Amino acid sequence: PPQSAGIRSGILRHSLWFLFMLFVCLLPFMRQDLSLCLLLFSDHQVIRAQIGQTVILPCSYQSHTPVLVLQWNQTNIQAEHENDYVLLNREGSLVTDHQLQRFRGRVELQDPKLENGNFNLTLKNVADSDDGTYECKVYTGGCHALNHR
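Using this note's numbering, the letters of the sequence shown correspond one by one to residues 31 to 179.
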């Protein structure tokens, strides 16, 4: 049946992706000068909202390694500083040093302690300027995951 071909294709694609990610994660152990493991996830979703509404931008990552830093960025804007962000949470604490001013007080995490792998971002009072592409970056001990939304 056509459905089983799609399932086989999906399994093959996920298997190849797993092997690639395994290689990337082992790379730091093969090269002494490389100390960062990069995991890339892509799950592009279109989320529609009306001005003034609250929306949830999904991001999840399951690992046995504790999450050290979670960062949300809006990638389609020209930030004043290279390290400006929508939201940054370091070891369960919100960091606002370079948070984009227009997001202050309007964004929060569903799990601010970063304990259960649910890194969904709640964006309140949606504005025209919120239109764009958002990315969720998850930093763990030795690995870094990037999730585009």
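These aren't lab readings, by the way, just hints derived from the structure by calculation.
Just so it is clear, the structure is predicted and the values come from calculations on it, not from any experiment.
In this text, a Cβ means the ideal position worked out from N, Cα and C, and glycines have one as well.
Careful, some of the hints might be misleading.
[Claimed, not checked] Straight-line alpha carbon distances no greater than 30 Å define the calculated BS3-like cross-link-like pairs of lysine-lysine that follow:
(1) 167 x 143
(2) 143 x 154
(3) 167 x 154
[Claimed, not checked] What follows is a list of derived Cβ distance ranges for each label pair:
(4) 77 x 146: 16 to 24 Å
(5) 96 x 152: 31 to 39 Å
(6) 162 x 140: 29 to 37 Å
Checked hints:
1. For the hint linking residue 167 to residue 143, the alpha-carbon distance of about 16 Å falls within 30 Å, and the restraint holds.
2. Only pairs whose Cα atoms come within 30 Å are accepted, and residue 143 paired with residue 154 is accepted, the gap being roughly 20 Å.
3. Taking the CA atoms of residue 167 and residue 154, the gap is near 20 Å; set against the 30 Å cutoff, the hint holds.
4. For the pair residue 77 and residue 146, the beta carbons lie near 21 Å from each other, so the given range of 16 to 24 Å is met.
5. Evaluation of the 31 to 39 Å hint for residue 96 and residue 152 yields a failure: the beta carbon distance comes to about 23 Å.
6. The supplied range of 29 to 37 Å is broken by residue 162 and residue 140, whose beta-carbon atoms lie about 21 Å from each other.
In summary, the structure is inconsistent with hints 5 and 6 from the numbered list given earlier, while agreeing with the others.
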